[in-house]
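Put the two chains together into one complex; each comes in its own frame, and the hints tell you how they fit.
If you read the protein sequences in the order shown, they are chains A and B. Our numbering numbers the first residue of the first sequence as 1 and each following residue consecutively. Our numbering numbers the first residue of the second sequence as 495 and each following residue consecutively.
Treat each hint with caution, since some may be false.
Claimed, not checked - Per the computed footprint, the stretches of chain A lying under chain B, defined by three or more beta-carbons under 8 angstroms from a beta-carbon of chain B, are:
1. 250 to 256
2. 324 to 335
3. 447 to 453
Treat the hints as calculated values from the structure; they're not laboratory data. A virtual CB, placed ideally from N, CA and C, is assigned to each residue, including glycine.
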Amino acid sequence: MVQLFTVINLTFMSMLLFSNVVVSLSTIYLSRDLYLLLSSPVRLTTIFVSKFFQTLVNSSYMALLFGVPIYIAYGVVYGAGLPYYLLTFIMLTLFLFIPAGAGIMITMLLMRYFPAKKTHQALTFLALTFTAGIVMFLRLMRPERFYQDITDNALLAFLEKLKTPDLPYLPSSWLTSSSMRLMERDYSQYALYLLFMAALAAAIFALSVWSATKIYFMGWQGAKETKSIRLRPKDSKISRFVWDGIPFFFNNTQKAFLKKDIKVFLRDSTQWSQLFMLGALIIIYLFNIKSLPINDMHLKNFVSFLNLGLAGFIIAAVAIRFVFPTTSIEAGGFWVIASSPVDYKSFIIEKFSLFLMPLLVLAEALIYFSNLLLGVDTFMMVLSVTTIFFITIALTALGVGMGAMYPKFGFKNTAEIASSSGGVLYMIFSLSYIGIVIMLEAYPVYSYFSVKLWWGSFDTTGALLFFGLAFALTIAVVVVPIRLGVRALQRMEF
Amino acid sequence: MIKISNISKDYGTVRAVNGLSVTVADGEFFGFLGPNGAGKTTTIKIIAGILKATTGSVSVCGRDISKEPLAAKRLIGYIPDRPYLYEKLTGREFLEFVGKLYNLDNAYINKAAREYLEAFRLYDWVDELIESYSHGMRQKLIFTAALVHNPKVIVIDEPMVGLDPMGVKIVKELLKDLCKKGVTIFMSTHTLQIAQELCERIGIILNGKLIAAGTMAELKEQAGKGSGKSGMANLESIFMELTGGEEVSEILKVLRSQ
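Chain B with its partners taken away, still in its complex shape (with noise of 0.2 angstroms):
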């Protein structure tokens, strides 16, 4: 479970994430959206403990992360969106490092991350230098390394960035099987399609703050009852009521007649 309580993070006078509340149950799967900006991947570095709020607090799976640091952390697998990696060493030397921070040994490391590879199709690159992987093959290298150690909780920013529509697929389907396994998620993304396609409730962000949260049923009233309209069918429609998207239109009118 990830409980989000009130948190704010100030960089010098802007307020990147204001007040913001979410409470994710065991095994659910939460989707984090937001346009450019609104505090999206500050929220998610402040569940992975690599950013500290200004004020409130996280906590997963009862453990505070910034009270209990190393307690939480052992509980998470994080996922973040343009990950440097280690050039100099090799797949497995990546995933063998990361799994002694987590204290595993090399025979569970090795014996976890193959099954993780081999479904990404990487495991025939396992011993080559990180340094000639391409965008999407790293993105794959830094799922398994966060999966290795079994995490509780997942938090994700941008999973599909680089990555082939069939890893695209693997993705969906590996995080759909972690959640019926009891894996709480946490995922950031502006593929809206994916939010709606895997994710059991939703949260939107803009400008630092929480502004809807909730299944979809729940976002489509939401939605509705700020701009009077109803019946909005996707999570698309949704989205751009909540975050300013009339003025979008408004801007493709002009666009589009010149």
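Same shape as in the complex, but just chain A (with noise of 0.2 angstroms):
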């Protein structure tokens, strides 16, 4: 139990600080309300000591959300009285101010020294990048073994892997401490725990107050300057050939569009980095798929059918982040176009090209691996290739169109575009569309089955029928968005 709350506690003592580093950016640095702070006759110190409080709330709420149960969970299962709850209580929240006041610090120290949009920038990418590596890390334990033979050796040698240092200097070591005391009633060495705690979380608090006084101006100041001119090189002929050549198929306004939106991706790192999330994603789904224990060639043939429905989700998650927000993203920028003559018609196919390649890769290796992996005959590869096609199509055109029609232009972060009322509505109908689809063509694959396990002869003009209509579905999905994803644009008033 000593180790399992040391592993918890130090996790979240990582996750905080992370956490403090990132929030106290907004709040310290970024925020605008700082402008009509820092110039009223308020002192410098006052104001950081309500930022230091706003960075603690806004990056400790979850931790504290998710952290609180367990610690009640413990209470109750061991029996513990009222006196465990309110001083484990008390406790937690001191620990809080630690790595609140380690990771403000840490900002002020990067923020003196750093552009803050950079920063910024750097830290979403590092924090994505660690979530994608503990996810990864999580699913290649293979934490499903547990569900099979569970053997108190298999236990322990998983728990080995988790095993921690001994760290007593760590106040997140002193919180864990200090709930087995408290478990145990023995007070006073709780007593000494938490004149641990308090002394240091004062004494970071104090040391953060200190250095704002020290270098939070400088820093805050030197984040709103330019410090010198970076230019970046015009492009070169090579690249202006590739620029202007290679789409071929696309007008010159949509090639100018094309142009634009990559180079705005590939300069954002909030972006560009959650490719990383996506390939840890596809690593696990490759790896589940392979660890199935399926041997019959039948039953194969029947998951990577279904496996259809669930790349088919895999892309519309995909796509709900990235293709259905990209008439938002424009957000202010959509005077441009709007006062220019340009027909929404080719706004809206640039922007369905621009993402129908990526995702077709993407779902085609999907399927086209994981048939692989399973080992199924030709008609089930072909099938699901010529599907996975069509789905990408259809969810491709789908969120282009429905981001048109329902776009958020005054977002904060582009997760807020995934998550609005359009986006939820992008997912239920992307999933009726695929589970349609499926369904169609459930008949078809049924045939073929009977055909190989029983008997009896593959009814053709069933399948074809079927086919049809999963391809007119189709022709629907990706027609009726775009048509109606143009009409809102030439409805819309910026």
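Written out as structure tokens, the structure is:
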């Protein structure tokens, strides 16, 4: 139990530290109210202290939300009394000051020497890579083994991997030890840990306020200034040839959009770093397929068919993050397009073409490699590769069209666009469409399996009818949202 | 030429523009004045084609902005007051992007843009990301982007916001020069001195309605008739008179007496 709490508290502390660094960048340096606050006749330390608490609350409430139930569960299971809950809460509150103070001081040091936006982007990138790493690590440890034969040895081996070194001087260890002592009703030992925690929390808070008087204002001021001109090289002849020549099937306007969209995406680390998450997702997806304990050929083919739905869901999930927001991320810049002689059809077609190719590569790779790992027959391979091709086209068109119909221009971060009501509606439509396509194709697949497993002949007419219906639905899902999207843009006012 | 015929614009129950009609002749410099919230920006956005009038019509060089939007927009250069730009593009990339929306090629865009950028002393920054531009630099970039395709009509909302004195002088000279070349300019501003200096005719809008329009002499006459006063020397006194300046004077008197 001590081991488990040590791991949990250490993880909390590192997450809180990181979260405080990221949040304090926004609250203490990038927040717009600072212009008003710092120009008002209020002492800098007063402003800093209020921002300190704002950071502490913003970055810690989630950890508390997850952490408190663990301590409550522990108390309930071991029959702890009221003092346990009260004193643990006091300890936990004091504990939160430590990563908050440390995180804020790290931010102040970073901001004293690096530009604000770059630091924010670098930290977002690190956070995403870290999350992708954690997710992959947990999955590749194969925790599903515990659903099979759990032996003491297997459990011990698993826990061994989680083992952390004994770090008695870390506040997270004091938190663990104090809970243990409380459970044993050893209040004098608890008081000692409380004293340590309170002293460190007070010291870190005082140190961060003192640091703020020395470096905060200079850092905030520096965050607003451009230190030097960093010219980007003009496009070389080769890159001009690539930009202007390769997308030959686009008109000039569409090429301009394509070039702008790709450049903006590649220069925004908060955008492209999400590709790491996507990479981790694909690896885990294929790992899951590989780990399926299936040996029967027909079952493999059946799983491959159902896998179409899962791959479709993945494409829809990726599309809601990248394709659906494509009109919204033009945001305030839409006046440029709206006041130019741009045909909105061109705009929508470019957005559709921009996302179609990478999504097709992703979808086909997921299906092809899944089928390869499953070892399906040629019929299923051809069927699923063709079906996912059309599903991807439909989901991309649906994303672009609905994104134009339900744009969310006033967003603070792009994740808000996906979680808007339009985004939810997109997911509902996408999943319904995938479900209907799978249902329509179920008959030809059933007919095929019947021939392979039992007897009879393949019902070609029936199969063609159902494939035809799926195809017609796909055409509708491509054409209707795109048309409605164009109309919505034509009606839109900026 | 810009012909605004009896346009109104409603935002829910609020009527922002109410039956406004104005005609601006070819090569004319028209100033559009009014207090905050009078309906200036709404009118300008309707002319630029990014808002649709609830009733009435706007035509630019004979092209109706709602019936032939692409043809009309091709003739317009629009300069908004607080523009958002693509922060992750360089100035050059932004100009090339906008130029291509007007179907211009890169060589032409770069040649045309260079003249304006050098005049604005912005050329050294053209390959820098826009995110590091100051407000004034962004405004100069917008001016360049609006002029690269040689528009016949320029629609400007508050042209001098954020510009330094040198920038203001350059913009004034540039606009005068364009006007001489036959470009029609429709400019909204709060800077009355600039309107008086540059505009041949001025329109004053209040609560969505055009309450006066004409040359300086005509405006003086209109203001004089309304108040019974005569001999108003400058645009500021005319503007105050027409837009409720007497109330402002009363408030100022009360404030000074305290």
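Status of the hints after comparison with the structure:
1. 250 to 256: As far as the stretch 250 to 256 of chain A goes, the hint holds, because 4 residues have Cβ atoms under 8 angstroms from chain B.
2. 324 to 335: holds (count 4)
3. 447 to 453: violated (count 0)
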